[in-house]
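Quick note, the sequences are listed as chains A and B, same order.
Per my numbering, residue 1 is the first one in the first sequence, and the count goes up by one each step.
Per my numbering, residue 1 is the first one in the second sequence, and the count goes up by one each step.
Check the hints yourself; a few may be wrong.
Since the list can't tell identical chains apart, any single copy or any two copies may satisfy a pair.
To be verified - List of simulated lysine to any residue pairs, SDA-like, C-alpha gap at most 25 Å: (1) Lys38 with Glu54; (2) Lys12 with Asp31; (3) Lys12 with His70; (4) Lys38 with Thr9.
If you're looking for bench data, these hints aren't it; they were derived computationally from the structure.
Number of protein chains: 2
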Amino acid sequence: MPEFMDVHTTMKGVTSEALAEAHQADLAIQDDEQVNFKHAWADPESGMVFCLSEAPSAEAVQRIHERAGHPADNIYEVPIQA
Amino acid sequence: MPEFMDVHTTMKGVTSEALAEAHQADLAIQDDEQVNFKHAWADPESGMVFCLSEAPSAEAVQRIHERAGHPADNIYEVPIQA
Chain A
1 MPEFMDVHTT
11 MKGVTSEALA
21 EAHQADLAIQ
31 DDEQVNFKHA
41 WADPESGMVF
51 CLSEAPSAEA
61 VQRIHERAGH
71 PADNIYEVPI
81 QA
Chain B
1 MPEFMDVHTT
11 MKGVTSEALA
21 EAHQADLAIQ
31 DDEQVNFKHA
41 WADPESGMVF
51 CLSEAPSAEA
61 VQRIHERAGH
71 PADNIYEVPI
81 QA
């Protein structure tokens, strides 16, 4: 299954609680699209949030994020890792 | 130790070998600054590369990346995770 890193750029001031809640919202519905959100990293100062997932496609990642209320600004397939 | 996600935006066409080599170049000198590069994810189509590290500061991350020949375009501290 391909892996993706999606990026949100507008979450300035995000708190631990807010990120946990957003992540839970994804987890609650991710099975609908065979997506597996693995981890999320957030920088409250810049508002940048990075989400690592496994999914059939970038579109599937975005559909889950949209339904959970926080569409990604960019989604990148990351087939190369080290 | 704080964690950082740094982003490179100009590595279009990056190969597995090239990413492995760049990552090794970081690993070889990272102890000089108490940096620990944990993982790198690359999208050869867009040229985006995401590097997760533990480090005393963003500046320490950048100094290692610069010495290894591939300065990051942005470095974000990511104190909030889920």
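**Item:** Intra- versus inter-copy proximity for Glu54 and Lys38 (alpha-carbon distance at most 25 Å)
**Value:** Both: 7 Å inside a copy, 19 Å across copies.
**Message:** Checking an output row: Lys12 and Asp31, CA cutoff 25 Å. Within, between, both or neither?
**Reply:** Classified as neither: same-chain Cα gap 28 Å, cross-chain 32 Å, threshold 25 Å.
**Prompt:** Using 25 Å as the alpha-carbon threshold, which applies to Lys38 and Thr9: within, between, both, or neither?
**Reply:** both (19 Å within a copy, 23 Å between copies)
**Request:** Pop the pair Lys12 and His70 into one bin, within, between, both or neither, using alpha-carbon distances up to 25 Å.
**Result:** Answer is within; shortest intra-copy Cα gap is 13 Å, inter-copy 28 Å.
When the structure is compared with the earlier hints, a violation turns up for hint 2 alone.
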